[in-house]
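Colleague: Sequences listed follow chains C and W, in order.
Take 7 as the starting number for the first sequence in our numbering and just add one per residue.
Take -17 as the starting number for the second sequence in our numbering and just add one per residue.
Each hint should be verified, as a subset may be incorrect.
Over 12 Å on every C-beta distance to chain W, these chain C residues come out as not near it, computed from the model [what the hints assert, rightly or not]:
{"hint": "1", "residue": "Thr9"}
{"hint": "2", "residue": "Asp351"}
{"hint": "3", "residue": "Gly431"}
Facing chain C, from chain W, some residues (calculated, C-beta under 7 Å) [as the list claims (entries may be wrong)]:
{"hint": "4", "residue": "Asn237"}
{"hint": "5", "residue": "Phe264"}
{"hint": "6", "residue": "Asp265"}
{"hint": "7", "residue": "Asp266"}
{"hint": "8", "residue": "Leu267"}
{"hint": "9", "residue": "Asp268"}
{"hint": "10", "residue": "Ala269"}
{"hint": "11", "residue": "Lys304"}
{"hint": "12", "residue": "Ala307"}
Bear in mind the hints are in silico, worked out from the structure with no lab data behind them.
These numbers come from a predicted model, not from an experiment.
Just so you know, even glycine gets a beta-carbon here, dropped at the ideal spot from N, CA and C.
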Amino acid sequence: MATPITAGAVAGEYMETFVIVEWRVGVGDTVAEGDVLLTIETAKAAVDIEAPSAGVVSAIFAEADSEVPAAAVLCLIGKDSSDVGYDGDDAPVKGSSLSSAPAPAMMVAERAAEAPRAAALSARIIASPAARRAASAAGVDLRAVRASSPSGRIKLRDVSGASQSVPAFAAPVSAGLPADENGPLEVHRSGAKGGTPVFMIHGFASDSLSWYPLDRQLAKDHPVYRLDLPNHGTSPKRQIGSFANLVREVRDAFDTLGLDGAHVIGHSLGGALALALADTRPRKLASLTLFAPGGLGPKVNGDFISGIARASRPDSLAAWLKVMVHDQKLIDPAFANAAFAARADGNLRAAQSHMGETLFADGTQSFDLVAALHRLECPTRIIWGRKDRVLDWHDALQAPGHVGLHFLPDVGHVPQLEAPDLSLGIISALIKSV
Amino acid sequence: MTVMRYAEALNAALREEMQRDPSVFLFGEDIGRYGGVFKVSKGLRDEFGDARVRDTPISEQALTAMAVTAAMSGTRPVLEIMYADFLPLSLDALVNQASVFTYLWEGQVDIPFVLRTQGGGGVGTGAQHAKSLDAMVCHIPGIKVVAPATPADAKGLLKSAIRDRQPVVFLEHKLLYNTRGEVPDGDDVLVPIGKAKTVVEGKHVSIFASSKMVIEAENAAKLLAKDGVEAEVIDLRTLRPLDLDAIRRSIAKTNHAVVVNEGWTFCGYASELSATIMEHCFDDLDAPVARVAMPDMAIPYSEPLEMAVLPNAVKIAAAAKKALA
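All chains, please: the whole structure from these sequences, using the hints.
Modeller: Structure (structure tokens):
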């Protein structure tokens, strides 16, 4: 009987999936207890998974660079390389056939697909009339057909046996943007049941995962709500049109949660949005923390905005990530790969590029929140790195006297990543003071 | 073939039909001495005299009722209403008289008249002189409605309309009057009412349009071609009765439909077309029918705002891409 290896609690209770960065062992390798089996990336941090006991790696189910469900069995450690049976009512495959399985990654992929497919079996199938007719004529079961359209509707081209020639660009539209998606913005909840809530808004070309590890620390004492902006993370992709529209979307998401007395934290563009939120919902906020906030001056590094949104390879992304931070060692290949995994979707990058052009046309921050900063009523801290190469930290000097300013030496555009302990300390003190 | 402007083609149709049939006569505001604000009846008063080309006071309601009774009395009147925006003033004569008299008198009377008018935006004429009220007249059973896009169709359809036994509303577009195109020579070259025309062949998506929107649809097809999409553009030419066969044939080939109309979206002509396609072509559809029409609002006087709300090639191409995605 082999021991199934999962990521366990490392994957985080709120993570649905993680990415396998690297395997340190292969099938047939002998391992000792504590040996590193593989490295995974979760919440933008690379974590090693160790062998819980000595044995032989008898099967590997997921390839490097693949995204797998948090509960997936990653590999087996058995007595020898033929020991591939293990306990578990949801075992993907049992018996000796496993060792000769040609494409082990498929099994994990199938397991990942199991839950939604089971749901799909009972739910109504969404297919176009033409696709239904073609499927019926060809004897194709639509339950087994995957929709390629962003609408989620099975189309004629998805039905095998259908004769329709597909337009060269198919989906998504090559030259333009993906079709606008509907639905509310994604808010990821974690942390304590009680306590005052924390609401976090990430920056441009980032996502809700970027708050790690700050969100984990805060989650010990507070319910933490991390927003994904439109065209970011798991939120719908749609054109925002203007900063005002983006503010409206964020406000809608905030209002929907019905939070009272929230500690709002925003970074960069998310800082500008947090400021705009505080301006229109002053009584709902208990405190405001702004990391390198936008909207306090016209200057922005336009090359960075377009470059990071467009970067289509981990290497090019890494180059722009390094602009964000002062200590270049922070951006190692694992970090870049993990960050890229979150933006591997070309549609997402196209939508972000367009959003960047909308918000930062002519390399300028076209939204001015200095007046809003002066209207602030809640206790507010601005935390900014003096080595920021994306936005100018001098912009913070326009703040009124009751706003606390923290300028960190040898820190770039991401204080929460570059100086996590100090950042947490400032926020904790602020929250306690309210 | 002769290259003519759209307005000249209409003028030629009127002249030829007046020469051919002495019962054809024209009336309307400023159409005689002035030749019409868009010069469609230029020179006709001099040629045919003011008994057959009559200037009238401003009263669209009286004019339309007059057209109906003149048609009942055995003449073939051609009435010009200067702006389609004022069609609502004509509606009683169309809804309660022209469209029902043949029925009420058990077929003993025909109502052979043509109501010519022009609509459409794009030149800054504001909320009262730029509308497309196609849907209002298309709603009335017993009235035929045509909306040609080219000089050749303008001439051929106007001649057919004048010769028709039923009332015909003839919708022109102010931005088409100066467009040029080849027009077949000959006094008896007619374009049949109720027949659509494929102006661009394609296999991926069908775009249905009329009047000036045909030009926008053709430009949309060019935009789509850059993405490898072969759009088919169908010029409906007649809005009622609809050429359902042409619509069915095209959608059976492409499985995708975009319907375009410059009028309002809600309860608009594009909506009627969309519902008709859904009823008759449902199993051929691979995506919902996409409507591209005017938003439900007044047409702004400001040029950039007007351009932003009017349907155009870019919006049509975007709708086609969305249907195909």
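Colleague: Work down the list of hints and note, for each, if the structure agrees.
Modeller: Each hint, compared with the structure:
no.: 1; hint: Thr9; result: 46 Å, holds
no.: 2; hint: Asp351; result: 15 Å, holds
no.: 3; hint: Gly431; result: 49 Å, holds
no.: 4; hint: Asn237; result: 5 Å, holds
no.: 5; hint: Phe264; result: 5 Å, holds
no.: 6; hint: Asp265; result: 5 Å, holds
no.: 7; hint: Asp266; result: 6 Å, holds
no.: 8; hint: Leu267; result: 5 Å, holds
no.: 9; hint: Asp268; result: 4 Å, holds
no.: 10; hint: Ala269; result: 6 Å, holds
no.: 11; hint: Lys304; result: 5 Å, holds
no.: 12; hint: Ala307; result: 4 Å, holds
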